[in-house]
Structures are given as C-alpha cells and as structure tokens.
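Engineer: Spelled out from the first residue to the last, the chains are:
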Amino acid sequence: MTGCQPKGPEQERGAGIERTGSTTAIRRYLRPRAIPTPFCAGCGHGILMGAILRAVDGLGLDFSQMLFVSGIGCAGWIPSPHFDTDTLHVTHGRPVAFATGAKLFNPALKVVVIGGDGDIASIGGNHLIHAARRNINLTVICANNQIYGMTGGQVTPTTPLGARTLTTPYGNAEPAFDLARLVVAAGASYVARYSVWHIRPLIRSIQKALQNPGFSFVEALSTCPTQYGRRNDNPSPLGMLQAFKESCITLERSRTMSQEELAGKTLIGEFVGG
Amino acid sequence: MVVSTKRALEGAHASAHAMRQINPDVVAAYPITPQTAIVQTYSQYVADGEVDTEFIAVESEHAAMSACIGAAAAGGRVMTATAANGLALMWEELYIAASMRMPIVMSCVNRALSAPLNIHCDHSDSMGARDAGWIHIFSETGQEAYDNTIQAVRIAEHPDLLLPVMVMQDGFITGHAVELVEVADDASVQRFIGSYSPAHSLLDIDHPTTFGAWDLYDYYFEHKRQQTDALSKAMKVILEVGQEFGREFGRPYGAFEPYAMDDAEIAVIVLSSTAGTCRTVIRELRQKGLKVGLLKLRVFRPFPAAELAEALKGVKAVAVLDRSISFGSMQGSGPVFLELCAALYAAGSKTKAINYIYGLGGRDVLPVDVERVIHELKQVADSGEVTSLVSYLGLRE
Numbered sequence: 001m002t003g004c005q006p007k008g009p010e011q012e013r014g015a016g017i018e019r020t021g022s023t024t025a026i027r028r029y030l031r032p033r034a035i036p037t038p039f040c041a042g043c044g045h046g047i048l049m050g051a052i053l054r055a056v057d058g059l060g061l062d063f064s065q066m067l068f069v070s071g072i073g074c075a076g077w078i079p080s081p082h083f084d085t086d087t088l089h090v091t092h093g094r095p096v097a098f099a100t101g102a103k104l105f106n107p108a109l110k111v112v113v114i115g116g117d118g119d120i121a122s123i124g125g126n127h128l129i130h131a132a133r134r135n136i137n138l139t140v141i142c143a144n145n146q147i148y149g150m151t152g153g154q155v156t157p158t159t160p161l162g163a164r165t166l167t168t169p170y171g172n173a174e175p176a177f178d179l180a181r182l183v184v185a186a187g188a189s190y191v192a193r194y195s196v197w198h199i200r201p202l203i204r205s206i207q208k209a210l211q212n213p214g215f216s217f218v219e220a221l222s223t224c225p226t227q228y229g230r231r232n233d234n235p236s237p238l239g240m241l242q243a244f245k246e247s248c249i250t251l252e253r254s255r256t257m258s259q260e261e262l263a264g265k266t267l268i269g270e271f272v273g274g
Numbered sequence: 001m002v003v004s005t006k007r008a009l010e011g012a013h014a015s016a017h018a019m020r021q022i023n024p025d026v027v028a029a030y031p032i033t034p035q036t037a038i039v040q041t042y043s044q045y046v047a048d049g050e051v052d053t054e055f056i057a058v059e060s061e062h063a064a065m066s067a068c069i070g071a072a073a074a075g076g077r078v079m080t081a082t083a084a085n086g087l088a089l090m091w092e093e094l095y096i097a098a099s100m101r102m103p104i105v106m107s108c109v110n111r112a113l114s115a116p117l118n119i120h121c122d123h124s125d126s127m128g129a130r131d132a133g134w135i136h137i138f139s140e141t142g143q144e145a146y147d148n149t150i151q152a153v154r155i156a157e158h159p160d161l162l163l164p165v166m167v168m169q170d171g172f173i174t175g176h177a178v179e180l181v182e183v184a185d186d187a188s189v190q191r192f193i194g195s196y197s198p199a200h201s202l203l204d205i206d207h208p209t210t211f212g213a214w215d216l217y218d219y220y221f222e223h224k225r226q227q228t229d230a231l232s233k234a235m236k237v238i239l240e241v242g243q244e245f246g247r248e249f250g251r252p253y254g255a256f257e258p259y260a261m262d263d264a265e266i267a268v269i270v271l272s273s274t275a276g277t278c279r280t281v282i283r284e285l286r287q288k289g290l291k292v293g294l295l296k297l298r299v300f301r302p303f304p305a306a307e308l309a310e311a312l313k314g315v316k317a318v319a320v321l322d323r324s325i326s327f328g329s330m331q332g333s334g335p336v337f338l339e340l341c342a343a344l345y346a347a348g349s350k351t352k353a354i355n356y357i358y359g360l361g362g363r364d365v366l367p368v369d370v371e372r373v374i375h376e377l378k379q380v381a382d383s384g385e386v387t388s389l390v391s392y393l394g395l396r397e
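Protein sequences appear in the order of chains A and B.
Quick note: the first sequence uses the numbering used here, first residue 1, plus one each step.
Quick note: the second sequence uses the numbering used here, first residue 1, plus one each step.
Hints listed in this document are in silico derivations from the structure and should not be mistaken for laboratory results.
Even glycine gets a Cβ: it sits at the ideal position worked out from N, Cα and C.
Do not rely on the hints blindly, as some may be mistaken.
[As the list claims (entries may be wrong)] Sample of chain B residues facing chain A (criterion: CB under 8 Å; computed from the structure): (1) Thr5; (2) Ala8; (3) Glu59; (4) Gln227; (5) Thr228; (6) Leu231; (7) Val237.
[As the list claims (entries may be wrong)] Computed beta-carbon distance windows for the label pairs: (8) Val3/B with Gly171/A: 46 to 52 Å; (9) Phe63/A with Ala342/B: 49 to 55 Å; (10) Ala177/B with Ala41/A: 39 to 45 Å; (11) Tyr95/B with Gly101/A: 22 to 28 Å; (12) Ala34/A with Ala115/B: 42 to 48 Å; (13) Thr209/B with Phe63/A: 38 to 44 Å; (14) Pro175/A with His223/B: 54 to 60 Å; (15) Ala74/B with Glu252/A: 36 to 42 Å.
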C-alpha cells in the first residue's frame with residue numbers, strides 16, 4: 001500500500017484523477033490514520049485490499065451501508081482498522097458466524113467477510129460450509145496464502161502437499177483443501193477463484209459476488225513471501241506472483257488439457273454463478 | 001546421576017525442551033501466539049526424529065483437546081499447548097478431560113482474552129478455566145516452566161489422581177524472554193517421569209471400556225464427588241513430587257514459595273513473573289527495615305487454602321496482586337484474592353486483605369507500582385482499616 005500514503009483528508013480526496021476504481025478514488029474508503037498497513041513487504045493482501053475497494057467503487061456501492069467482518073490472521077487486517085465504515089473484528093474462525101447474525105438482524109446491510117485460509121477454512125471451516133449450505137446473502141473473500149502467516153508460518157489445511165512450513169520442515173504430508181470446490185459442493189450460489197496476479201478478473205469476480213443475492217465465495221490466492229515463499233524456494237514477491245501466473249489455468253482452458261498437463265496446476269475462474 | 005547443562009532458552013523453548021525429554025506418545029496442537037513457539041519447536045523435534053511422538057497439526061484448539069482426550073483414553077501419554085482464546089475454545093473439552101480423568105499435560109502461555117484483541121500477558125485465560133477440574137501450576141521463569149512441565153507428568157499420571165495438569169508461564173514476559181535454564185540429561189528426565197501404563201484404556205480388547213457414557217441423577221453426583229476427592233488428594237502428590245524433584249535435580253518445589261516471610265508483618269501474594277519484581281522491591285525495603293515478605297503462589301488448583309492461612313499467621317495485612325478480574329465478583333476483585341479471602345475466613349484469621357488488579361493485556365508492572373502496594377499495605381497494617389478493597393496498578397483513570 002505504499003502508493004496510498006495519505007497527505008491528509010482534504011488533499012487526498014482532491015488529488016489526482018478520480019476515475020472509478022482508481023488508486024485515488026479508493027483512498028476515500030480508507031482511514032488515513034490507519035495507513036500504512038501492517039502487511040509485510042511483498043504481501044499480496046495489499047493488492048487484494050485494493051481489489052476489494054476497486055470493486056466497491058466500480059459498483060458505486062454506498063460504503064456506509066456495508067459491514068466488513070474479519071477474524072484473526074493477517075487477512076483480518078484488510079478491513080480492520082483500515083476501512084472507513086463499520087468493521088467487526090472477531091475471534092479466530094468465527095467471522096462467518098458473526099456475519100450471519102448481523103445479516104439476520106439487518107438484511108439491508110451488505111455484509112462482507114474477509115479472512116485468511118486459516119481463519120475461514122481451517123478453524124472456521126464448519127461455519128463456511130454451513131453458510132454456503134444455507135446460501136445466505138453474504139460475500140466471503142478468502143485470502144488464501146496457504147500458511148498461518150501471523151503466527152510465523154505453520155502448516156494449514158490449504159498448504160500444498162509437500163510444501164515446507166515451520167511445522168512441516170521436510171514437507172507437508174497431508175493433502176490440501178480445494179476451497180472453491182468445497183464451497184461449491186456445500187451449496188454456494190457464486191464461487192470464484194483467482195490470484196492477486198489476475199487482478200482484473202479478481203475485481204470482476206468480487207463485483208459479481210457483491211451483487212449475487214446468495215452466498216458468494218471468492219478465493220483470492222495471495223502471496224506470502226515472508227512465511228511461505230522463502231521456505232519454498234520462491235522468496236521474492238515478484239517470483240510468487242509469477243508463480244501464480246504460470247501455475248494458474250482457467251477453467252475454460254483446462255477443458256482442453258490432459259490430466260498429465262494439469263498436474264500441479266491450479267484452476268481459476270468462476271466455478272458457480274458466472 | 002543427573003548431568004545438567006545451562007542453556008539460554010526462551011520460556012517457550014524451555015517447555016518444548018521438557019516435552020522433547022518427556023517424549024509423549026501424541027501431541028495435537030494449533031498455533032496461537034504466544035504459545036506457538038512451543039509446538040513449532042516440538043514439530044521440528046518430530047520432523048528430525050528426535051522424538052517418537054505422533055504430532056498432528058489439527059484444525060482448531062477444540063480439535064486439539066478432543067484429539068488429546070481420544071489419545072489419552074486410548075492409553076497414551078499426551079501433551080499439548082495453548083493460550084488465551086485457544087484455551088477458551090477448548091472449554092467444553094477441558095471439563096471432559098478432567099471428568100474422564102485423562103492425565104493430559106498442557107502448557108498454557110498466559111495471554112489476555114479478546115475482546116478487544118490483545119496478544120499480551122494476563123491470567124484471564126487460565127483463570128477462566130479454574131473450575132474445569134484441572135491442576136493449575138504457575139511458573140515464574142523459564143526454569144520453572146521446564147521443571148513444572150516435567151513434574152506435571154508425574155502429578156497427572158499418579159494413580160490416585162489421573163487428572164490433567166496445566167502449566168502456566170507469562171506470555172512474552174517469560175515465554176519469549178531468553179533466560180539461563182538448567183536442563184537435565186534426557187535419561188534423568190525419563191527416569192524421573194517413568195513409564196505410563198493406564199489401568200483402563202480403550203483398544204484393550206480383552207477389557208472393553210466405556211468412557212463418558214450417559215450418567216444421570218443415579219450416579220453423576222457420585223462421580224463428581226470422586227472427582228473432587230481426587231483434587232483434594234492432589235496437593236499431597238504435588239508436594240511429594242516437588243520434593244522428589246528437588247532431591248533429583250536440586251530444585252525443590254512447594255505449593256508456594258515464601259520470601260522474607262519469617263518475621264513479616266505485611267505480605268504480598270502474586271503469581272508468575274511479577275514475583276521477580278516484587279522480590280526485588282521487597283529486598284530493598286527490607287534493607288530499610290520494613291518487615292515485608294512475599295508468597296509466590298505456584299499451585300492455584302488445588303488451592304493451598306490451609307497452607308496459605310498458616311503461612312500468613314502473624315501477618316497483619318496481605319495484598320494480593322491479580323492479573324485478571326473475576327467480573328461481577330465482590331467489588332470486581334481477582335480470583336486469587338477471592339480464594340485467599342475464603343481461606344483466611346475459614347481459618348478464622350484476622351489478617352486484613354486487599355487486592356490489586358495489575359498488568360491486564362500486558363500492561364507493565366514496575367517496581368514503583370509494587371512500592372505503592374507495600375506503602376498502602378503498611379497503612380492498612382498500622383491502622384487496621386481497609387479504605388480500598390480493590391485497587392488498580394498502572395491504570396489511567
């Protein structure tokens with residue numbers, strides 16, 4: 001978020017060209033005092049934060065009528081305390097459950113959950129599949145960096161088989177969840193997966209998720225060079241982004257490829273509701 | 001013959017080192033600051049083949065304690081570690097572990113509970129679990145965390161008890177601070193803890209066993225009576241193990257540690273790392289002639305009520321420093337103070353007691369704060385009047 005250094009609210013709002021979704025335009029959604037973010041150098045969560053705000057700006061949503069719920073973990077910091085609207089920062093794993101309660105009381109609120117893979121899919125995985133089963137009108141954006149970043153880089157249920165982490169120093173012996181497919185199977189009405197490299201489709205998918213009148217899930221593959229990359233022979237932020245570029249295959253293209261060609265690839269696109 | 005070496009270890013690493021020497025059958029854990037250093041260090045021992053443990057990185061603390069109970073019911077020696085909201089998430093399983101008499105040993109690196117979100121030290125996490133039926137042992141230093149972890153295995157697995165034990169140390173202050181820790185050789189630790197073979201376990205096909213079954217008004221009450229009886233027997237075992245540990249390793253342990261108590265007219269009671277700050281202040285005030293002493297409480301459950309009342313005989317006034325609040329209790333006091341008041345009352349003691357809440361969410365407690373406590377305590381002793389039952393240290397008001 002180095003491009004978002006505030007100069008004060010007056011200048012901030014007047015400066016630059018306020019094209020919809022531009023960096024200048026999305027500054028209005030941030031609390032100047034909360035910037036800079038606590039994210040490590042090269043963390044993909046800043047890109048995702050920008051993507052979420054660009055999606056909101058592009059749709060012209062009333063930010064004051066949005067509630068962002070987040071739990072514990074690096075991604076929980078994307079909205080809290082940075083977004084200048086209502087944010088609810090809750091316990092590890094429970095943001096989907098808290099968001100369900102808020103949405104039930106005030107269905108007019110646009111309720112968005114932002115969390116990491118540890119928060120949303122590990123300790124909170126039960127809430128995720130049940131909210132998807134109910135198809136309740138929530139948008140869940142999961143910043144999947146395949147590791148517990150905040151606690152120092154331990155294995156998660158989304159860490160790829162064989163990947164090295166602090167708790168699997170010689171390689172992870174357990175297979176990872178395919179989160180997008182898990183949520184499809186649970187009954188969500190909009191499910192997409194992109195990486196922070198695929199920024200334009202990622203923004204478009206967040207917009208579709210925000211407009212879908214049921215449970216929407218966007219899995220945003222994010223970079224963690226600090227805890228994941230440097231343990232897995234890819235320590236640079238750019239290298240991690242390039243890895244997404246090379247390893248991600250669109251669903252459309254995957255249909256023309258053999259199983260052998262698809263080995264080790266990650267499918268991206270809209271799995272349901274595209 | 002114990003061969004000890006001195007090593008510079010963080011408190012969390014001292015606990016992990018003890019776990020490596022204990023070499024439990026199963027460890028199930030989930031990362032949470034500031035405990036993570038324990039299980040991630042342990043996972044490295046597992047990966048390097050230094051232990052035989054089956055280690056599983058489960059999906060939550062609820063799953064961690066559940067897996068520990070399952071492994072303990074199957075007959076294993078089982079350990080885990082947690083902190084703060086991780087302990088809170090284990091809540092229902094804490095009761096199950098104690099009620100099924102599972103001798104699990106858990107490190108709890110004390111940390112404040114949310115909300116608001118805070119990762120620093122206070123004792124509200126383990127104090128919240130004080131009625132769950134576990135034995136609670138607090139450690140002042142990394143050395144004590146190491147020693148207590150080893151003793152906890154013997155205490156938990158004692159046939160008269162079969163009770164889970166929680167070993168506390170202060171988050172960051174002890175857990176992340178490097179101190180000199182005297183560690184024993186592996187063989188001596190193994191000899192001290194011995195082997196564990198439960199009288200009843202699952203997967204013993206010749207003796208099928210049922211745990212946790214339907215138990216209504218016909219027998220539930222009797223089972224609870226047995227459970228509280230077991231905790232009543234725990235103090236004797238804790239003291240025996242503490243003395244035996246002293247004979248083997250040169251550092252004996254009791255239920256609490258008195259300092260400058262012999263002729264003390266006033267006394268401070270405190271848990272864990274703040275005892276060090278108190279000891280320093282008391283040492284200085286003693287040189288000025290003030291008859292003040294310290295009781296560092298080590299065992300909180302079972303609470304050494306009669307022993308503390310005895311140790312406080314002749315003391316005119318005592319101040320209890322609590323690093324948590326029992327919300328809604330008498331004037332919002334802390335759990336150690338409430339226990340001590342009950343102990344003094346039951347013993348017919350006339351010692352005046354006052355309470356200080358300190359250090360919530362990691363707020364520093366400084367020597368000047370302890371000096372204030374002792375100054376006010378002296379006024380209580382001199383006047384015989386308590387003007388403020390519960391006060392706060394280092395708080396902006």
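Engineer: Each hint needs a verdict: does it hold in this structure or not?
Structural biologist: Outcome of the hint check:
no.: 1; hint: Thr5; result: violated (25 Å)
no.: 2; hint: Ala8; result: violated (20 Å)
no.: 3; hint: Glu59; result: holds (5 Å)
no.: 4; hint: Gln227; result: violated (30 Å)
no.: 5; hint: Thr228; result: violated (32 Å)
no.: 6; hint: Leu231; result: violated (30 Å)
no.: 7; hint: Val237; result: violated (34 Å)
no.: 8; hint: Val3/B with Gly171/A: 46 to 52 Å; result: violated (35 Å)
no.: 9; hint: Phe63/A with Ala342/B: 49 to 55 Å; result: holds (54 Å)
no.: 10; hint: Ala177/B with Ala41/A: 39 to 45 Å; result: violated (28 Å)
no.: 11; hint: Tyr95/B with Gly101/A: 22 to 28 Å; result: holds (26 Å)
no.: 12; hint: Ala34/A with Ala115/B: 42 to 48 Å; result: violated (18 Å)
no.: 13; hint: Thr209/B with Phe63/A: 38 to 44 Å; result: violated (59 Å)
no.: 14; hint: Pro175/A with His223/B: 54 to 60 Å; result: violated (42 Å)
no.: 15; hint: Ala74/B with Glu252/A: 36 to 42 Å; result: violated (49 Å)
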